[in-house]
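Asker: Sequence:
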Amino acid sequence: MMKHAMKLYRYRMDAVARQHGLFFGQAPILHAIAKNEGCTQADIAGRLGVSAPSIAASAKRLEKSGLIRKETDMNNLRRNKLYLTEDGRKALSAAKADMEQVNAEIFSRLDEADRAALPRILSVLIDVLTDGETMVDLR
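Just so we're aligned: the sequence shown equals residues 1 to 139 in the numbering used here.
Among the hints, erroneous ones may be present.
Mimicking DSS-like on lysine-lysine, the simulated pairs with C-alpha atoms at most 30 Å apart in a straight line are [claimed, not checked]:
1. 60 <-> 96
2. 96 <-> 35
3. 7 <-> 90
4. 35 <-> 7
5. 64 <-> 90
Label pairs and their computed distance ranges (CB to CB) [stated by the list, open to error]:
6. 35 <-> 76: 19 to 29 Å
7. 35 <-> 129: 17 to 27 Å
8. 15 <-> 90: 14 to 24 Å
9. 42 <-> 89: 21 to 31 Å
10. 53 <-> 130: 37 to 47 Å
11. 97 <-> 2: 35 to 45 Å
12. 75 <-> 118: 39 to 49 Å
13. 76 <-> 98: 30 to 40 Å
14. 86 <-> 25: 38 to 48 Å
15. 4 <-> 49: 31 to 41 Å
16. 7 <-> 38: 30 to 40 Å
Rather than coming from a laboratory, the hints here were simulated on the basis of the structure.
Values in this document were obtained by computation on a predicted structure and should not be read as measured data.
Don't be surprised by glycine CBs; every beta carbon is placed ideally from N, CA and C.
All chains should be modelled from the sequences, with the hints used to inform the complete structure.
Answerer: Right, dumping it as structure tokens:
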């Protein structure tokens, strides 16, 4: 049941992201860059818990779409620093607002007791899935 709910949630959020010229997986990357302008691809990979090559491929697409810009790190010429463009800020802001609205619609169907219990339940699931280890920050 959880797998089915996660799949439906991803499809729904991907549809919202696409309305703003993004794929679902690109929104967290833009968000990570917005929170830490000038971060590297490795920084984002670590923060999101994904592989560096995956971030490199996504960054290339985001740059081609005009949503981010890369600058060579002058302290290490093999690394790129990432920055949002104005179009990237607009796309992220609009997608985030629409995603929050979808979340509000989804969780409005839960009664107050279920909404209050959900963070605790998710915390237990995260603890079990990570064997109690510190989890990467997916926000």
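Asker: Are the hints correct? Go through all of them and say.
Answerer: Evaluation of the provided hints:
1. 60 <-> 96: Roughly 21 Å separates the two Cα atoms, so the pair holds.
2. 96 <-> 35: 14 Å, holds
3. 7 <-> 90: Since the Cα atoms of residue 7 and residue 90 sit roughly 27 Å apart, the hinted pair holds (cutoff 30 Å).
4. 35 <-> 7: At roughly 27 Å apart (the allowed maximum being 30 Å), residue 7 and residue 35 satisfy the hint.
5. 64 <-> 90: Roughly 16 Å separates the two Cα atoms, so the pair holds.
6. 35 <-> 76: 19 to 29 Å: Roughly 21 Å apart at Cβ, these two residues keep to the hinted range, so it holds.
7. 35 <-> 129: 17 to 27 Å: Distance hint for residue 35, residue 129 holds at roughly 24 Å.
8. 15 <-> 90: 14 to 24 Å: Between residue 15 and residue 90, where Cβ atoms are some 19 Å apart, the hint holds.
9. 42 <-> 89: 21 to 31 Å: 23 Å, holds
10. 53 <-> 130: 37 to 47 Å: Distance hint for residue 53, residue 130 is violated at roughly 23 Å.
11. 97 <-> 2: 35 to 45 Å: Taking Cβ atoms as reference, residue 97 and residue 2 lie about 27 Å apart, which means the hint is violated.
12. 75 <-> 118: 39 to 49 Å: The hint (39 to 49 Å, Cβ to Cβ) holds, given that residue 75 and residue 118 are roughly 43 Å apart.
13. 76 <-> 98: 30 to 40 Å: Taking Cβ atoms as reference, residue 76 and residue 98 lie about 37 Å apart, which means the hint holds.
14. 86 <-> 25: 38 to 48 Å: 22 Å, violated
15. 4 <-> 49: 31 to 41 Å: 23 Å, violated
16. 7 <-> 38: 30 to 40 Å: 35 Å, holds
Checked against the numbered hints above, the structure breaks hints 10, 11, 14 and 15 and satisfies the rest.
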